[in-house]
Each structure stands twice: as structure tokens, then as C-alpha cells.
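A.B. asks: Residues per chain, in single letters:
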Amino acid sequence: MHTSLAVGATAIMAGTLLSACGSSSSGTPTLNLYAYPEQNRPAIVQRCNQQAHGQYTIKLNILPRTADQQREQLVRRLAAGDHGMDILGLDVTWTAELAKAGWIREWTGANKQQAQNDALPAPLSTATIDGKLYAATNNTNVQLLWYRSDLVPKAPKTYNEMIAEATRLKQAGKPHYVGVTGAQYEGLVVWFNSVLAAAGGSILNKAGTKVELGAPAVTALETMHKFATSAAADPSLSNTMEDQARLAVEGGTAAMEINWPYVYASMATDKPDMLKHFKWAAIPGITGAGRATIGGENYAVSRYSDHPDQAFKAALCLRSPANQKFAAIKDGVPPTIESLYHDNTGLDASKPVDAKTNPSMATAYPMRDTILAEIKNAVARPVTATYQNVSTVTSATLSPPASINPTPTEQTLRAQIADALQSKGVLP
Amino acid sequence: MTSEERASSRENLQQPGRLGEGTVATAGPTAVQKPKVSEGRRSERKLAWMLCAPAAVVMVVVTIYPIVYSILLSFQRYDLRFPNQKAWIGLANYGAVLTNSFWWHAFAVTMIITVVSVAIELVLGMALALVMHRTLIGRGTIRTLALIPYGIVTVVAAFSWQYAWTPGTGYLAQLLPAGSAPLTQQAQAIAIIILAEIWKTTPFMALLLMAGLAIVPDELQKAAAMDGASTWQRFTRVTLPLMKPAILVALLFRVLDAVRVYDNIYILTNGANGTSSLSIITYHNLIGGLNLGIGSTMSVLMFITVVIIAAIFIKGFGTAAPGSDNQGRR
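If you read the protein sequences in the order shown, they are chains A and B.
Per the UniProt record's numbering, the first sequence starts with residue 1, numbered consecutively.
Per the UniProt record's numbering, the second sequence starts with residue 1, numbered consecutively.
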């Protein structure tokens, strides 16, 4: 009696499970897209589903809000060989990790060609591991120097000029802080990576196998330390993330900030009166031009996907020029396709451009030329399977920036990163 | 299974073991004194064993495997991102963890949280227990109200604390000088974590202590009062000594819980700015870093820490300790 009941229950359960999984294999395959929340992504998914004409249906699954939680969910499921994920929206820094672990598929043939077509080289380099392509770039990002032209007449080109400007403002009794991402998190690594690139160095070698640092790193650390102990540094520098830097300028305590382009739209909403004095320039360097660190998102196809062919096609649709333009104008994420930066047509190309009803790249992105110039000169963060470890120990070692002691800090950093590369070290 | 679940399942395993020891120890001398155990007693004892067996077997099956597996993992280099480099490396993981400053920092943070939060909880919990014990009207209502914080899901409560202390969204952050973000400063963040822990678990402490208060006979109190003992003297000389076993149980439970503190920190800071506890650093290495070797090593070390604390409680506090021989005879 009990046995037959149990068998019956098992059969019913199995039946439910089978029917739940089976529905996709019969007709149109359902492709599960996992990506971070972005306001107009559902609209793009819908457009692609219409264009697919029954070849596939993309189902959008939204990942948690914070980057760490997004990555955790993805890697945990990939490590378990989960077949329920097809297309993955990856932060540029995770692409190498997932590729080296063998969890995402290489792009080849016509798909590869299409993904590389007209793609800006710097974002593309984040998806290229050991000469092979593992993802299609969807959007990119670079920090710019934002400044109040009523306080700072001419944008500083180097850190020394920037510090001198802050000192002058302080003596004049005016807002003088410069917001940078100095808190102990990924933003500190971005800051260090940029300053290090401006000093002509890098954290790792090109193959991502060895620590580089050395003399350029000492110069970079000297620059960061000098900044952190100057009139330019906000007292809460060691707790400043993007948003605190933005609020410091909007709130009137900071005269400048090094931040992502979203601060422009935010200023337009929060403090419209300040917008006419809110200007942008390329980020400062040490002796010459600065070099920005690339951010953004890539689309990859999971190794455990049951429908890889359709998944590649769907990913290409999601990041097509038309959809990147849509996302750029609607959500403010910079595209990775170069020609879009010269595109002057409206969102609806058949109608005349109007900033309100039919915006174009030019109306939504007044700073697009500066962004493009920075992207062309930008650097990626280390491309290594253990990026998570490298980043964690880097931000832990460099925090707080005011207590950096260039030469010893470089040595500590070298030892910590060398351990992290071997995944030997302990994460905080 | 998260490290926390694993840790708690270990604790589960450990408790029946401890109680079992006590039972055997009591049974031993009895058997020696009375060599001829009656037929009825023997069959009763056999029945008791048989009734316990299924529970014991299930417990062993579901806890032994993960414990043994994580001990085995702790002797291996095993990073999920490099499945090909899996190898047995002896005690190297233990060397790496025990010489690492992040680990000892987390250890210190955990101990600070444990000592401070449990000490305050004990005082507040005792006060609350006395109030609840003495209340004449609306007893049930007051007890229910006092238990509300303990009934709220920790993660939900932690989120409400997090929003409350975040500038811009929080009513508590607004009370502070402008520009201060307490959750981004180490000392302040740890203080907030301790506050959240106290708010959450004081009712639990109070409940356990109230059970202890109930066993203090009223006649003793009256007799002491008759002899001229003041209220304070009656509390320290009569109530506390008689409650000692209940206090120790409450302290043991809370200390073991506090050593494994996880959910509040995960939501409030996730270990940023040097606020990692042992559970958080283990989680970061195991799940974030995908390093099964190092993560399991940390789990095992945490397990050992918990065992040592439990042993100190049981051995160090003598006969009044929970699980000791005397308890059953009191």
C-alpha cells in the first residue's frame, strides 16, 4: 500500500518535471538570458523575439542588483553544470574567468565575424582570451573628468594640475574637493588601473600569467598618495564610491569628479541649474594624457546551453547596432559599435531628430566624442581567470589611499597578487 | 549547502552526542552498584535504544557525509575554476589560512561581536525575563510582544537596519551629522551589527532565562525576605545561583550562534571595511572565490572553534553545566 502510494507520487512528480522541461524541446526553443537589471532590456528582448520568427524565444531573467551577487549566481550555477542558462550578460571582468574555467563557448565562423564587425578594439579585448573570442560586446563605459566650469575655468590635464587647481580653490575658500572612487571596492581597482596605465604600466602581463607592476606602479602609487593627502581629497575619500562622488559635486562640496557618464543625466534631473556649468574632459594623466579603464557588458553563451546555435544568433540580435543605439539613447549605456558614435539619425531614423520625441545619439550624448576618444585610448583590467581574487586583494591592499607608501605597497601588492593568481591566497 | 547550514548541521550532530555522553555516564555507575538489572529495566532500555535509533541514523547519514567531505576537501587544492589542478596538498591550506591576516582579522571581529553582544543580551535578557516573570496582567500578550523581534526573519530585519542607517533612505542616518555613512566605517558598522544582533536575540535570551526563573521556588524567596535579605541580595544570593544551569544553557546557545554570525553582516556590510566575520570570510572564499579547498579549511577551523568553546563551557563551568551528570538529578 505504502509502496504503491510512493510510486504513484514519484510518477506524478516525474511527470510534472518532464512536462515542465519538455515544452521547450518540442516547438520553439526557449533561451534563458541572465542579465543585470536595465530598464529597457525587456523591450530589446521583445524586439529580438519578434525578429526571430519562431526560431527561438528569449526569456529574460534578471540577476540581483549588486555585481558580486550577479557573479555569484552565475558562477555557482555554471560550476554545477546548470542547463537552465543559455545567454549570459557578463561584466567585462568576468569574461576571462568564465572562459578559462571552460564555462562559456568560443565564438567562431560567421558569428565571430558578426560580433567583431565594427567593434571598438578596447571593449573587444575584454572578450578576447588567448586570441579567441568568448563573448560579443554589448555596451562599454569609461570614466571622464567632470568639473564645474564656474569654479574651474580650464580642465586640468594631469593629476599635478588637478591638485594645484584644488589647492587654489581651497585658498580662495571655494569648494575644492575632487571626487574619485577611493572606497575599498572595485572602484579603487579601476582608479589604480587607470593611473597605472597613465604611468605606462599594467597590473599583469598581456597573457595574464605574471605580475608586472614595478617602477610604473610606484609612480602610480605616488600619484594616488599625493592626491589622497592633498587639498583635492575629500575627508571621506576612503569611503567614496561612484554615488558619493556624484553627490559631492551635486551637493556643492566638490568642484570636480572622475566618474562614469551617468552623472550627467543625474545632474540634469537633480540640479538643472548647475548643468550649464557642468563640463567634461578626458581623465587626467601623470605627465601626458590619462588612460581610462574599460567597463561594460558582454554577452556569452553558456557551455551547458542545450541550444547553442540559437543562443549565438539571439545574442547577436540583442547587441545588434540598432539595439545598441536603442539602449544607448534610452538607458545611457555607451555602445561598442564605432559607427554609432557618428550616427546622427533619431531613434526612429525615418523621422526628423527632436531632443524630446525622437532623440539621437547627438542629443542624448553630448559628450560622445570625448567618450569615443577615451575608449580608443582605454585599457582593460587584467584578463585572468582569477580576476576576482586579484581585484579583491588589490583594493584591500590600497585602502585607504592616504596610507599608501609607494615602494613597500608595491611589494605587498606584488606578493598578494602573485598568490591570488595561483588562487592560493585567502580572500577577505 | 551553505557554510552556515553546514555549520548548524554540525552543531545538531554534536548536541545529541553530548546528551548521550551524559546519559551513559549516569547509567554506568548505576549498573555497577546494582549488578542485577531487572528484566523489565533491561527491556525498557533496549526499547529506548530502538526508539532513538532511527533519529540517530538519519542524523548520522545527513551530517557525517558533509562533515567528512569538507574535511577531505580541506586537504586538497580544489578551485572550481581550475578543475584540472585538483590535488592532495596535506596541511598547506591550513598553513595558508592560519598565517593570513584577513582570517585573524575576521576572527577578532567575530570575537568582539560575540563577547559584546552576548554580554549585553544577558543583562537585557535578564531584565526582560524578570519583567515578564513578574507581570500580572496581560502576561501572554507581553510575552508575545517581547518575542516579535525574534520572530522576524533575520534577513528582513537586517534589511530594515541597513535602510535605516543608509543616508538618503534612513530615519536613523538622518539623526547623524550630514555626510556620515555609518555602515561604511569599520567601528560604527561593527557597532550596528552588534546592535542588530542584540535587538534580534535578546527575546530569545529572555525566554530561556524566564524558564530558569520559573524553577526558583517561591518559598526560598519568601524565606530569604523573612531573614531580612534585600531585593538585590535575594536576586544575587538566591535567584542567580539556582538559575545557573539555565543561564549557562542560554549563554552556550547564544555564544555558539554569535560565533557563526552571518545573515546580519551579509546584508549590512557583506564584510566590507574590515567587518567580515568567520562565516562571511568562509562564504567569500567558498562561494565567491570558488575555492573549495580554502573554504572547507575555514569551515573546519570554525567547527574546531565552536567545539573548543562548547568544551570550555561544559568542562569549565563544572557540574552546573548543561549535559553534565548532575543536571538530571537536580
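Among the hints, a few may not be true.
Unchecked claim - Far from chain A, some chain B residues (derived; all Cβ distances over 12 Å): (1) LEU98; (2) THR231; (3) GLY288.
To be verified - Under the rule of at most 30 Å between Cα atoms (straight-line distance), these lysine-lysine pairs were calculated in the DSS-like manner: (4) A/LYS206 x B/LYS200; (5) B/LYS46 x A/LYS424; (6) B/LYS222 x A/LYS132; (7) B/LYS315 x A/LYS210; (8) A/LYS376 x A/LYS279; (9) A/LYS279 x A/LYS59; (10) A/LYS276 x A/LYS351; (11) B/LYS86 x A/LYS100; (12) A/LYS276 x A/LYS210; (13) A/LYS206 x A/LYS154; (14) A/LYS132 x A/LYS279.
Stated by the list, open to error - Short derived list, chain A residues pointing at chain B, Cβ under 7 Å: (15) ALA101; (16) GLY201; (17) LEU204; (18) ASN205; (19) ASN239; (20) ASP243; (21) LEU316; (22) PRO352; (23) ALA385.
Everything labelled a hint here was simulated from the structure, so no lab data went into it.
Note that CB positions come from ideal geometry on N, CA and C, so glycine has one too.
A.B. asks: All the hints need checking, so say for each whether the structure fits it.
C.D. replies: The hints, checked one at a time:
Its closest Cβ contact with chain A, about 10 Å, brings B/LEU98 to no more than 12 Å, contrary to its assignment away from the interface. No beta-carbon of chain A is positioned within 12 Å of the beta-carbon of B/THR231; the least distance is around 49 Å. Separation of B/GLY288 from chain A is inadequate, the least Cβ-Cβ distance of about 6 Å not exceeding the 12 Å criterion. Distance restraint check for A/LYS206 and B/LYS200: the Cα-Cα separation of roughly 51 Å exceeds the 30 Å cut-off, and the hinted pair is therefore not satisfied.
Only pairs whose Cα atoms come within 30 Å are accepted, and B/LYS46 paired with A/LYS424 is rejected, the gap being roughly 52 Å. Among the hinted pairs, B/LYS222 with A/LYS132 is inconsistent with the structure: their alpha-carbon atoms are about 85 Å apart, more than 30 Å. The suggested pairing of B/LYS315 with A/LYS210 is violated, with an alpha-carbon distance near 52 Å, which exceeds 30 Å. For the suggested pair A/LYS376 and A/LYS279, the alpha carbons sit about 21 Å apart, so the restraint of at most 30 Å is met.
Pair hint A/LYS279 plus A/LYS59 does not hold up; C-alpha atoms about 40 Å apart against a cutoff of 30 Å. Distance hint between A/LYS276 and A/LYS351 is fulfilled; the C-alpha atoms sit about 29 Å from each other, no more than 30 Å. For the proposed pair B/LYS86 and A/LYS100, the alpha carbon gap of about 15 Å is at most 30 Å, so the pair holds. The straight-line distance between the Cα atoms of A/LYS276 and A/LYS210 is roughly 47 Å, outside the 30 Å bound, and the hint therefore fails.
At roughly 36 Å between alpha-carbon atoms, A/LYS206 and A/LYS154 are farther apart than 30 Å, so this suggested pair is violated. For the hint pairing A/LYS132 with A/LYS279, the CA-to-CA distance comes to about 39 Å; that exceeds 30 Å, so the pair is violated. For A/ALA101, the interface hint holds, the least distance from its beta-carbon to any beta-carbon of chain B being 4 Å, beneath 7 Å. With a cut of 7 Å, the hint placing A/GLY201 at the interface with chain B is violated, because the nearest CB-to-CB distance is about 26 Å.
A cut of 7 Å between beta carbons decides the hint on A/LEU204: the least distance to chain B is about 16 Å, and the hint is violated. Below 7 Å, beta-carbon pairs count as interface contacts, and A/ASN205 has none with chain B, the closest being about 19 Å; its hint is therefore violated. Because the beta carbon of A/ASN239 sits about 4 Å from the nearest beta carbon in chain B, less than 7 Å, this interface hint is met. Annotation: interface hint on A/ASP243 violated; nearest CB of chain B at approximately 9 Å, more than 7 Å.
Taking 7 Å as the C-beta cut-off, the interface hint given for A/LEU316 is violated, the closest approach to chain B being about 27 Å. Interface restraint check: A/PRO352 against chain B, minimum CB-CB distance 40 Å, threshold 7 Å, status violated. Annotation: interface hint on A/ALA385 holds; nearest CB of chain B at approximately 5 Å, less than 7 Å.
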